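Trainee: Work out the full structure, taking the sequences as your base and the hints as a guide.
In order, the protein sequence lines correspond to chains L and W. Last residue of the first sequence: number 66 in the numbering used here, and the count goes up by one each step with no gaps. Last residue of the second sequence: number 1257 in the numbering used here, and the count goes up by one each step with no gaps.
FYI, nobody ran anything at the bench for these hints, they're computed from the structure. In this text the structure is predicted, and so the values were computed from the model without any measurement. Treat the hints loosely; a few may be bogus.
[Claimed, not checked] Okay, the calculated beta carbon distance ranges per label pair:
1. G7(L) with N1165(W): 39 to 45 Å
2. G7(L) with P1239(W): 56 to 62 Å
3. N6(L) with P1239(W): 54 to 60 Å
4. L1108(W) with A56(L): 28 to 34 Å
5. E39(L) with T1188(W): 39 to 45 Å
All C-beta atoms, glycine included, are put in the ideal place defined by N, C-alpha and C.
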Amino acid sequence: MKVTVNGDEQVLDAGTTVAALVAALGLEPRGIAVAVDGEVVTRRTWGERALAAGQAVEVLQVAQGG
Amino acid sequence: MEDPLVIAGEQFASRLILGTGGAPNLDELERALVASGTELTTVALRRVDPRAPGNLFDVLRRTGIRPLPNTAGCYTARDAVRTAQLGREALETDWVKLEVIADERTLLPDPVELLDAAEQLVEDGFVVLAYSNDDPVLARRLEDVGVAAVMPLGAPIGSGMGIRNPYNLAIILEAAGVPIVLDAGIGTASDAALAMELGCDAVLLATAVTRAREPVLMATAMRHAVEAGRLARRAGRIPRRLYAEASTSFDGLADLS
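Mentor: Okay, here's the thing in structure tokens:
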């Protein structure tokens, strides 16, 4: 299925969860936040939250800012 | 702890909040953070960049400085609330530096969106430190909706123009029931000292340190400036007068004519 991750279209296995996507990106979960179609997905639900085709995922991390 | 800064019941020995924005690299930033003595530092949330060297999260962990996620770059209450929620997820803190800007050229806060976002976030259990205009009425309205601190600007973000309206700031300070943090506009150490002398509870700055030629030196200067300004405020300055007032007595002066 096609999913947009941080603005780039990616092909993921059907049923890929948020947790699996974060792991596939090589990220430690701490310091990371995820939104799917603009809605925040709390970390404790990453494991059960399956992505669906056409969704837009934002994977964010702490960055420098004033 | 003598004379701590207290925000939402939390005590801080340092009255300098240093932002992480604008540093040339993470090593320099870490040294500046340590040199500043800050105990609270603002951070942003951005898309993950696997090619970026180092990780700011590791810097926070190593230094033990408490992160204050911001909502920088948000133009609407809706975006600011969502960004705050993402910050809460990423950093496991209810604290947020709420920033809702009106346009890219001035980066001035949009008061209508700001107040709306502040109200929603307080309702949602956030400890809101609101970046505000130097407008006494807006400061009061923000306090009314329950923000933990009001953070009026001295001048536009990154402008280094110092405190452009000390009279508005005085009115804000006189009426304030929450800590007032001078945020934005600080260019050099004397600006930070002035903010504290005027009675601000703390100073938040980033660019003045991170874009200085020597960030670590400027961080040290800001640490001393904030401490000196606070001490001077507590000590109570002498009144300004047009003419001289001798500190040496004229009594007992020798007659040498």
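Trainee: Take the hints in turn and mark each one as holding or not.
Mentor: Hint check results:
no.: 1; hint: G7(L) with N1165(W): 39 to 45 Å; verdict: holds, 40 Å
no.: 2; hint: G7(L) with P1239(W): 56 to 62 Å; verdict: holds, 59 Å
no.: 3; hint: N6(L) with P1239(W): 54 to 60 Å; verdict: holds, 58 Å
no.: 4; hint: L1108(W) with A56(L): 28 to 34 Å; verdict: holds, 30 Å
no.: 5; hint: E39(L) with T1188(W): 39 to 45 Å; verdict: holds, 43 Å
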